[in-house]
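S.K.: Since chain A is already given, all that's left is putting chains B, C and D on it; use the hints.
Residue numbers (my numbering), protein chains in the order written: chain A, 6 to 313; chain B, 6 to 313; chain C, 6 to 313; chain D, 6 to 313.
Quick caveat, the hints were computed from the structure, so don't treat them as lab data.
Since the structure is predicted, the reported quantities are computational estimates derived from the model, not experimental observations.
Just to be clear, a hint being listed does not mean it is correct.
Since the list can't tell identical chains apart, any single copy or any two copies may satisfy a pair.
Simulated pairs of lysine to any residue, SDA-like, Cα-Cα distance not exceeding 25 Å [claimed, not checked]:
#, residue 1, residue 2
1, K285, E311
2, K285, T184
3, K129, T161
4, K285, E133
5, K129, G15
6, K285, V132
7, K129, R275
8, K274, E181
9, K285, L312
10, K129, P90
11, K45, A76
12, K285, D138
13, K285, L118
14, K129, G279
15, K274, E133
16, K45, R77
17, K285, T137
Protein chains: 4
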Amino acid sequence: MPLISSESRGVFVISATPFTDNGNLDLPSLERVTDFYIEKGADGLTLLGMMGEAPKLSAEESRQVVRTAIARANELPVIVGVSAPGLAALSDLAAFSMDAGAAGVMIAPPTGLETNEQIIAYFKNAVEALGTDIPVVLQDFPLSTRVHISVATLGTIIETCPSIVMLKHEDWPGLEKVTALRAAEANGRRRISILCGNGGMFLPEEMGRGADGAMTGFGYPEMMRDVVALAASGDMARAQDIFDAYLPMVRYEQQPGIGLAMRKHVLHKRGAIGSPVLRKPGAGLSAEAVAEVDRLMARLDRRLAELS
Amino acid sequence: MPLISSESRGVFVISATPFTDNGNLDLPSLERVTDFYIEKGADGLTLLGMMGEAPKLSAEESRQVVRTAIARANELPVIVGVSAPGLAALSDLAAFSMDAGAAGVMIAPPTGLETNEQIIAYFKNAVEALGTDIPVVLQDFPLSTRVHISVATLGTIIETCPSIVMLKHEDWPGLEKVTALRAAEANGRRRISILCGNGGMFLPEEMGRGADGAMTGFGYPEMMRDVVALAASGDMARAQDIFDAYLPMVRYEQQPGIGLAMRKHVLHKRGAIGSPVLRKPGAGLSAEAVAEVDRLMARLDRRLAELS
Amino acid sequence: MPLISSESRGVFVISATPFTDNGNLDLPSLERVTDFYIEKGADGLTLLGMMGEAPKLSAEESRQVVRTAIARANELPVIVGVSAPGLAALSDLAAFSMDAGAAGVMIAPPTGLETNEQIIAYFKNAVEALGTDIPVVLQDFPLSTRVHISVATLGTIIETCPSIVMLKHEDWPGLEKVTALRAAEANGRRRISILCGNGGMFLPEEMGRGADGAMTGFGYPEMMRDVVALAASGDMARAQDIFDAYLPMVRYEQQPGIGLAMRKHVLHKRGAIGSPVLRKPGAGLSAEAVAEVDRLMARLDRRLAELS
Amino acid sequence: MPLISSESRGVFVISATPFTDNGNLDLPSLERVTDFYIEKGADGLTLLGMMGEAPKLSAEESRQVVRTAIARANELPVIVGVSAPGLAALSDLAAFSMDAGAAGVMIAPPTGLETNEQIIAYFKNAVEALGTDIPVVLQDFPLSTRVHISVATLGTIIETCPSIVMLKHEDWPGLEKVTALRAAEANGRRRISILCGNGGMFLPEEMGRGADGAMTGFGYPEMMRDVVALAASGDMARAQDIFDAYLPMVRYEQQPGIGLAMRKHVLHKRGAIGSPVLRKPGAGLSAEAVAEVDRLMARLDRRLAELS
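For reference, chain A alone in the conformation it holds in the complex (with noise of 0.2 Å):
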């Protein structure tokens, strides 16, 4: 199996999590989406993260979870999101995922770091007790952490910890920390690979500032493969229209909560998914929230028309 690596780029796709109507865990469902994500242009895949419904799920289920989508995706990388309140429950989750095939694992800082000093700490501590030799993400997400990392902190973590190869960009606002990470590559340290979250609200500017590709679950992944394609062959142009045509989705998405019950219900509209249900607790879209999506997905359609 493939490992990821500071030069990984491209569209990591976070899959969602399938329910079955009455909120079983949807194993087929589970492969068709992640063949849906492989069709759509997926370069590799994300499970169990923490904006989804991971935490939903059993010790059990998050391992047939794993099991399955890396069976189901072949030879592409697959990231597992390991994040937990301990390092042992960390580490399990892990060598657990790193068995079945994974090509790495993604962990965010838990809730309660405060200074600079204990978010270094917990890092060093985290890839100390995985062992050197997997392969980490390292979640960037203030918003839900609460926990805010600092240029000058990702550089100390970048620098005592190797086995960090990829950031999972999504501080918000963010683009000034892109630029800040390359410059300092630029003047010698190593890089990492930059994959951008946020929904993907600002995947151009981020690519303009020399990210190497987005790491989200927006519903139409074409969208992130285009925009990440034609910004590293330099058409920022042609780039930009395709996301502006996206745009009033990607919007309505990053709403918390909401968002992912339009993903799903997207998802399910397009084919990839059995049924739309997020697991208790985790309401669907109100019928004038379907209505909204509904519309969006239309103009959606005519607007891609115009540009084609």
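M.R.: Only chains B, C and D this time, still in chain A's reference frame:
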């Protein structure tokens, strides 16, 4: 002077606070930007909004801003943000503002209120301290205040505080809240005016849910004027076309901190203020960000030309 | 095995989780400290409390702790903390614990619940996920969870979730909450058991307000036994005398982080566990802190001699 | 007037802000409580502390408090809390206070600073705004400000801001921080004065770690005077005896919100202020709480008699 009421509609622009290059309050620019907002379609203005630079002003500077802008706005209603850690300071500024001709005052709950009961008590005390003859806008902005007001809590406040006539809606996600408020009114609760913030990110949907307009400081007030007017006239398709054209900029401006610098950059480029500087502490845009914004401004002009 | 009920009273000691010097789970010490707690007057035990080291355990280690301590506690009721980010993990551990002979489970609300309505919905969902035959302790500890449960919210939860039979009271300040709960019961609401946490810092006053006992992990359980028994018998003066003697230590142990290290130091010095080490991440006491604690232990012995 | 310096020692009492029964500022009581503090051993006073009722004052009332207390304190150094959301308001009040004869000003970081770098920048900007001739106390109180200042961050601030001459230490837990600060000074960093807050809860240990005294508003300043003097003279056993006698009250007063009401109740019973009321919003003590406090006061008198 007109007062705001539960029937107020349209676009209230949150005014920027202009400073000279060396950080002094720039009252001539304040007059100029007031003219600019009116020319671009503002139905009213809001001064000393919490996300702007109001907290950087001394008490005397705040009073100068209030006096100057109200005098310049002529017959347009002007709302003054009076949020303060304590009720004495809050009611002092409110009394001054109303004497100066304000149309109402805006209050956000202070950080630290935790339960529904504490929030309800706060607004009861605040309104009592003001006296019930001053019309009040309740600013519901949890991302900034960290105070989360449920639909039921908002209902109780509306029922117990008759002088609260308007909601500055910027919960996120918040569309269901607008729907729930209007549903309660359909069942007999008194009406309040709902103007939407969040930089306008969800303005078409908010209008569709029953909002009365916008209250935010986006550097192109004409977008809000057009979207609100088109939505009010029932032409949602055209409203969304206009909105989508501006959305790449709306999105960029929504970034905390950077967004304000971008807004001032746009206002400066459009000739509305003499200098784009933020008073300390507060950084300007990096060269990369200036290039990004300028590119978005140029793209906007082209897209508007296509649409006209 | 006995189950806890709304009539449960006395002292439930939150058990330490002993590790060997190199950080492995120390089950023989867990048996020894269980004996120690019983010998010093515990009426019950609580395992896997959230402020201890439970989150540092792997899933399998958690199950070992539950099995070992319940077996050793013999006929004493044992409560298991099952708080988890998601309901599937929570109900899995609860089912395992009840099968192993637990007397009930304890649930703290997860960080991120903001409004009264969200808190009420969480407990409704959690109790539904457990099934209504498992007795539940609601842990009300806002300093740690950042979830603030008002008296009215607690009332609604008690009325809608009959299987919640006990409150682990550690709001701060919280004396008025105990009084309000008992007043509501005097007006006809069903009784719940109230055991007090916060390290015992307000135990005499809490007993005076109507609490049924203590649930905390203070290294001298005999203090809690004596204060609870004396207060229950009406001898508040003697209860307070005993309490005051221990208060310098109670206060020292109340320090977050350091407090747990101090507690293990005391348990180790008293022969109840084999090693005072905390599992990583988690520092021990500095030399200065050891000297301070040892001085307080010596002073305590002298003061108790004066009082006897 | 004397200025505070890095050599300041002793007890600075945080002054209560007295109001009449109907909530008006009570300047005669402010003079009386100033006399009381001096009589009970204060070496200095601190006005407008953030946990008191300072934020409830209007700007003009704040100035009245500053003028009145400084005049009454005669030759005693008086520190004025000038924390404010923005630097203009902060430096306005600082300039007024120094003109009125203050010995220095106290600044707590505003809620919302997240990283070490942001905290350091804030104090650099604040000190620059004040001018470097005003001696500054840095208030380190994370439980209230939600700003966590690491030992290294504090070191950088001390090194870059020479006018910060004193630390109001109320991190919790914080004993190791005192030790680390003194260790850095032993290695050559400039000395700062360390006065301890947290209601005095750890005063004996803090003195043992190298603190210079206390700065808190406990209703029995003579406790702080005696403990600080005895510890400074090396008689730690007697210092701890005195401390332990007051500890049940110190502990009760440490409750947020209720603690302030209790403090005013004690000051009123001791004849130092005319009314125990808190200005709105802010509740008084319940009947149960009054009974508890009165019982603790009576027990204190007996215990002090035993000790003398």
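S.K.: Confirm or reject each hint.
M.R.: Hints, one by one, checked against the model:
When the C-alpha separation of K285 and E311 is checked against a cutoff of 25 Å, the pair qualifies neither within a copy, at 40 Å, nor between copies, at 46 Å. For a Cα distance limit of 25 Å, the shortest separation of K285 from T184 across copies, 23 Å, qualifies, whereas the shortest one inside one copy, 40 Å, does not. Both within a single protomer and between protomers do K129 and T161 lie at most 25 Å apart by alpha-carbon distance, with minima of 10 Å and 23 Å respectively. Taking the shortest Cα distances, K285 and E133 sit within 25 Å of each other only across copies (11 Å), while inside one copy they are farther apart (35 Å).
In this assembly of identical chains, K129 and G15 lie within 25 Å of each other by CA distance neither inside one copy nor across copies; the values are 27 Å within and 42 Å between. Proximity of K285 and V132 under a CA criterion of 25 Å is satisfied inter-copy only: 13 Å between copies versus 33 Å inside one chain copy. Taking the closest pair of Cα atoms, K129 and R275 never come within 25 Å of each other, the shortest separation being 42 Å inside a single copy and 34 Å across copies. When the C-alpha separation of K274 and E181 is checked against a cutoff of 25 Å, the pair qualifies only between copies, where the shortest distance is 22 Å, while the shortest distance within a copy is 37 Å.
In this assembly of identical chains, K285 and L312 lie within 25 Å of each other by CA distance neither inside one copy nor across copies; the values are 40 Å within and 44 Å between. In this assembly of identical chains, the alpha carbons of K129 and P90 lie at most 25 Å apart whether taken from the same copy (15 Å) or from different copies (24 Å). Proximity of K45 and A76 under a CA criterion of 25 Å is satisfied intra-copy only: 18 Å inside one chain copy versus 55 Å between copies. Taking the closest pair of Cα atoms, K285 and D138 come within 25 Å of each other only across two copies (20 Å); inside a single copy the shortest separation is 37 Å, beyond that limit.
Proximity of K285 to L118 under the C-alpha cut-off of 25 Å is restricted to the inter-copy arrangement: shortest distance 15 Å between copies versus 29 Å within a copy. Taking CA atoms no more than 25 Å apart as the test, K129 paired with G279 passes in neither setting, with 41 Å inside one copy and 28 Å between copies. Taking the shortest Cα distances, K274 and E133 never come within 25 Å of each other, neither inside one copy (44 Å) nor across copies (31 Å). Proximity of K45 and R77 under a CA criterion of 25 Å is satisfied intra-copy only: 15 Å inside one chain copy versus 55 Å between copies.
In the homo-oligomer, the alpha carbons of K285 and T137 lie at most 25 Å apart only across protomers (17 Å), although the nearest pairing inside one protomer, at 37 Å, exceeds that limit.
Consistency note: the structure conflicts with the earlier hints numbered 1, 5, 7, 9, 14 and 15.
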